[in-house]
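Chain A is fixed; fit chain B onto it per the hints.
Which chain is which? The protein sequence lines are A and B, in order.
Counting along the first sequence from 1, when you hit position 94 you're at 94 in full-length UniProt numbering, and nothing is skipped either side.
Counting along the second sequence from 1, when you hit position 128 you're at 128 in full-length UniProt numbering, and nothing is skipped either side.
Be careful, since some hints might not be right.
Pairs count within a copy or across copies, as identical chains cannot be separated in the list.
Stated by the list, open to error - Within a straight-line C-alpha distance of at most 30 Å, the following computed DSS-like cross-link-like pairs (lysine-lysine) qualify: (1) K299 with K226; (2) K11 with K124; (3) K226 with K174; (4) K42 with K325; (5) K42 with K124; (6) K299 with K174; (7) K76 with K11; (8) K226 with K290; (9) K299 with K11; (10) K76 with K42.
Think of the hints as simulated: they come from the structure by calculation, not from any bench.
These figures come from a predicted structure and were not determined experimentally.
2 protein chains.
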Amino acid sequence: MLHFNFHNSTKIFFGEGQIAAIANNIPQDAKVLVTYGGGSIKQNGVYDQVCAALANHSWTEFAGIEPNPQYDTLMKAVEQVKAQGITYILAVGGGSVVDGTKFIAAAAHYEGGDPWDILAARGKVKSAVPMSCVLTLPATGSESNIGAVISRGTTKLDFLSPHVRPLFAVLDPKVTLTLSERQVANGVVDAFVHVMEQYLTYPVNAKVQDRFSEGLLLNLIEEGPKALATPGDLEVRANIMWSATMALNGLIGVGVPQDWTTHMIGHELTGHYGIDHARTLSIVLPAVMKVQREQKRAKLLQYAARVWDLHEGDEDAMIDLAIAKTEAFFSQMGVPVRLSEVDLDQAAAEVIVDSLVAHGMTTLGEQRDITPEVSRQILQTAL
Amino acid sequence: MLHFNFHNSTKIFFGEGQIAAIANNIPQDAKVLVTYGGGSIKQNGVYDQVCAALANHSWTEFAGIEPNPQYDTLMKAVEQVKAQGITYILAVGGGSVVDGTKFIAAAAHYEGGDPWDILAARGKVKSAVPMSCVLTLPATGSESNIGAVISRGTTKLDFLSPHVRPLFAVLDPKVTLTLSERQVANGVVDAFVHVMEQYLTYPVNAKVQDRFSEGLLLNLIEEGPKALATPGDLEVRANIMWSATMALNGLIGVGVPQDWTTHMIGHELTGHYGIDHARTLSIVLPAVMKVQREQKRAKLLQYAARVWDLHEGDEDAMIDLAIAKTEAFFSQMGVPVRLSEVDLDQAAAEVIVDSLVAHGMTTLGEQRDITPEVSRQILQTAL
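For reference, chain A alone in the conformation it holds in the complex (with noise of 0.2 Å):
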C-alpha cells in the first residue's frame, strides 16, 4: 500500500424522507442559490420537497443545467451569484448538476483571471461559496467528492479542489424511482467503471481497499440487472445509490495506483461526438482492458477470481472470460461496447486520438505509457 492522506468531510443524509434535513443544516442567515437542471425535479416532488425544506430560508434559484454542464450556462450562475450577493448553493440534481455547481462555487471566488483557467490552466481554487447537494441520480460520485467535469463547445476538462467537497449530501433513493431506464443503466455503468479505474492497475497489496473494490463491483452487477427488471424497487435503488456514493468517494482510491484512461478518452468521445458518458466508458473499458493486458495481468486475474468466480484454467483463458463477462454485464445494461454500435468508425478514432494530444493527454494509465499510440490501439480494439 502506498502513503496516503484521507479526508471526507461531507455528511451523508442516507434514506427516504431526507431531503427534509436540509432545513437544519443550512445556515438560517444564508442567501441560498438553489440549482438543478431540466425541470425533472418539478415532476417527480423533489422541487416540492427542497422548497418545504427551506421555507424558513431566504433562496432564489438558477435552472437549466445540462447534462455534461456548459462552461457558458454556468458563468451565468456565476453572474446571479455576485448579482445577488449568494452565501451558499444548493445542487438538487444529478452528477452534472452538482459538478457544474461545482464549478459556480469556485469561479464566484476565483481571483486568478478567467473562470476558464480553473480548467485549462489548473488555476488554483483557493475558496469557493459554501455548497451542498440534493442527488437525484447515483453514478458520479460528485455529491461526496472534490472533482467536477465542465465541457465548453467539443472540450470537456475536469478540477480538482477540496473547496467544493459538498458540505452535505441528501441521498434518498426513493427520488431515483422515476429516472429513466437509460439514466439508471448510466448511472450503474459509471458507478462500475469508477471502481475499475482505481481497482484494475497493478497490485500494490492494498488489502481493504480491493476488497472493497470487488465489494462494489459484486454489488453493481447483482443489482444493476435487478434496477431494470424491476424498477420499482427501493432497496435495489438503495444499494446502487451507496455503491454509486462509496465508488467515488476517495475511499477506494487511497494509496494505491490509478489508471482514468477510459475516463480521458471517454471524454472526448462525449465532447466530439454527444455520447453519454456512461456508454464511452463501457466501449473504452473492454479495450483498455484488451490493449493493456499484460501491465493489468495480476489485478485482471484477481478480477475474474473474485468477481467473477474463476479459478480454474488456463489463466489467459481466465481473462478472456473476465473480460467477455464484463462485456456482457454491460450489454445486459443496454449500453454499447463497441464504437460501432455508436455508428463511429477509424476515422473518429483518429479525430479523439488528435484530441486527446490536443489536451495534453499524452501519457495516461498507471504507468503513464499509454502513448497517442497506444490510445489509436484502445480505440481500434474498441472498433
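Chain B in isolation, oriented as in the chain A frame:
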C-alpha cells in the same frame, strides 16, 4: 437498508514517516498537551518523532494512561488541562490512550457537574478540547470514531460524542513493528469482533455494508496469522492497521442493526477479572453465535459462505463449521475461546450476570432479547 446519517471528518495520515504531518496540522498558537501511556513510545522512537514534529509548538505532557484507562488517572490530566490552559490534546498510543484522552477532552469542558456523569448518567458532552492522535496499536478504531470506554474500579462504561472525534489521526504501520505478539493478536481479534458486532445480526439488504464487513473479516483472517509468523512484514501491518480503522469508524455500521452483546459482557469480564479486552471478546463471541443461532441464522449462513467459503451441505452443519472456524482462527491468534482458559468458572458467570444487571445491561442484542437469563446461557456456553 435502514435510514442513516454518516459523517466522519477525521483526517487520516497513513504511512511511514507521517508523524511529521502533525507539525502543520496543529494550530501554531495552540497550547498542546501530549498524552501517552506507560512509556513504550520512548523506546520505539515515536516519542522522538513527536517531539521533532512539535519543535515549534508550545507543549507539555501527561504520561501514565493505563490499559483500560482509569477515571482517577484521567481526572489528574483534566486538572492539568485546566491549570495550564491547554487548548489542544494530542494522544500518542493505542486505544486506551486515545479513549482516555477523549474523556480528558470532554471532562475538561464539562459543565454538567461531576464528569463521571458523562459515563454513568449519559451526561451530555456539549464541547471538548480539540484533539488528535498518533496511533501505535491498531485495534479499537478509536482513532477516527466518537466513542471511548473508561474504567473506574470494576466498572467499565462508554460514552459517545462527536466533540471527541479526533481531528486527525496518524497511522504509521512501522510504529507497530515493536508491539508484542500479544498486543498484535489482541488488536486483530478486537478489530475482527468489531466487524462481527455490526455484521452478525439479521439481514436488511445492506449490500455495501455487508461486502465491506466481509472484506475486512477476510483481511484480518489472512493477515492476522501472518503478523505473528513474520512479525517484520510492514505490508501485513499496514493492512491490519487500515482494516482495524475501517472496522470501527462508523462506515460499516450505517443503516444496519448492531449487536454489541459480546462487548458488553466482555467489559464486565475485564472489569472484574482484568482479562485483556480482546481476550474477553474471543471467549464471548463464539458463545453468542451459538446461543443466538436462530436469531442470527440468515447472517450466519452468509458469513459461512462468504467468509469461510462454505457453500454446500446441511445448513446447520455449515453454521457449526463457521463457528468452529472462527474459534480456530482465535486459537491460531493465541487468544482464549473459553472461560476455563482464563481460569474462570460458573461462579464468575454469576458475578458477571449480576454486574450486567447492576449496569442496566438487561436487554442486549440487536433484537433487545438478550435478557440476564440469556447472558447467563452465553456465559455457561463459554465455560
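Evaluation of the provided hints:
1. K299 with K226: The answer is both: 27 Å in one copy and 22 Å across copies each meet 30 Å.
2. K11 with K124: So K11 and K124 pass the 30 Å test inside a copy (25 Å) and across (22 Å) alike.
3. K226 with K174: within (16 Å within a copy, 45 Å between copies)
4. K42 with K325: neither (39 Å within a copy, 55 Å between copies)
5. K42 with K124: Neither: 36 Å inside a copy, 42 Å across copies.
6. K299 with K174: between (36 Å within a copy, 26 Å between copies)
7. K76 with K11: Only inside one copy: K76 and K11 sit 29 Å apart there, 35 Å across copies, limit 30 Å.
8. K226 with K290: within (28 Å within a copy, 35 Å between copies)
9. K299 with K11: between (33 Å within a copy, 29 Å between copies)
10. K76 with K42: Within one copy, since 22 Å is at most 30 Å while 60 Å is not.
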